[in-house]
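If you number the sequence shown the way this note's numbering does, the last residue is 877 and the count never jumps.
If you're looking for bench data, these hints aren't it; they were derived computationally from the structure. It should be emphasised that the depicted structure is a prediction, and the values quoted were computed from it without experimental measurement. Careful: at least some of the hints might be erroneous.
[Claimed, not checked] The calculated lysine-lysine pairs, modelled on DSS-like cross-linking and capped at a C-alpha distance of 30 Å, are:
no.	residue 1	residue 2
1	Lys871	Lys839
2	Lys859	Lys871
3	Lys870	Lys859
4	Lys839	Lys865
5	Lys869	Lys859
6	Lys864	Lys839
7	Lys839	Lys859
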Amino acid sequence: MDSWVIIMMLAVSVFLGSLALLGIMWAIRTGQFDDKEKFLNQVQYDGEDELNDAAKQAEKKKAMKKKKEEYRPE
């Protein structure tokens, strides 16, 4: 390949990468990824079983963390 092909490919890839970066930065600034109502509406659809399972998992995590902190090898 000629060197001008490599330079063109490099320039195009840098240009497209910078466009993608600018697009992501714009989306973050304008709040495109924010979904403030998701967590509020999610509670409406949670059943008692799902909430109990979530509570049990939280208890298991606490127990495992406590067990890990108490473990002292000799």
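For each hint, the structure was consulted:
Distance restraint check for Lys871 and Lys839: the Cα-Cα separation of roughly 35 Å exceeds the 30 Å cut-off, and the hinted pair is therefore not satisfied. Simply put, Lys859 and Lys871 have alpha-carbon atoms about 18 Å apart, close enough for the 30 Å limit, and the pair holds. A C-alpha spacing of about 16 Å is found between Lys870 and Lys859, which places the hinted pair at or below 30 Å, so the restraint holds. Restraint check for Lys839 and Lys865: satisfied, since their Cα atoms lie roughly 28 Å apart, inside the 30 Å limit.
Under the criterion of a C-alpha separation no larger than 30 Å, the hint pairing Lys869 with Lys859 is consistent with the structure, at around 15 Å. Straight-line distance between C-alpha atoms of Lys864 and Lys839 comes to about 27 Å, which keeps the hinted pair within the 30 Å bound. A distance of roughly 26 Å separates the Cα atoms of Lys839 and Lys859; the hinted pair therefore holds under the 30 Å criterion.
Hint 1 alone, counting from the list given before, is not met by this structure.
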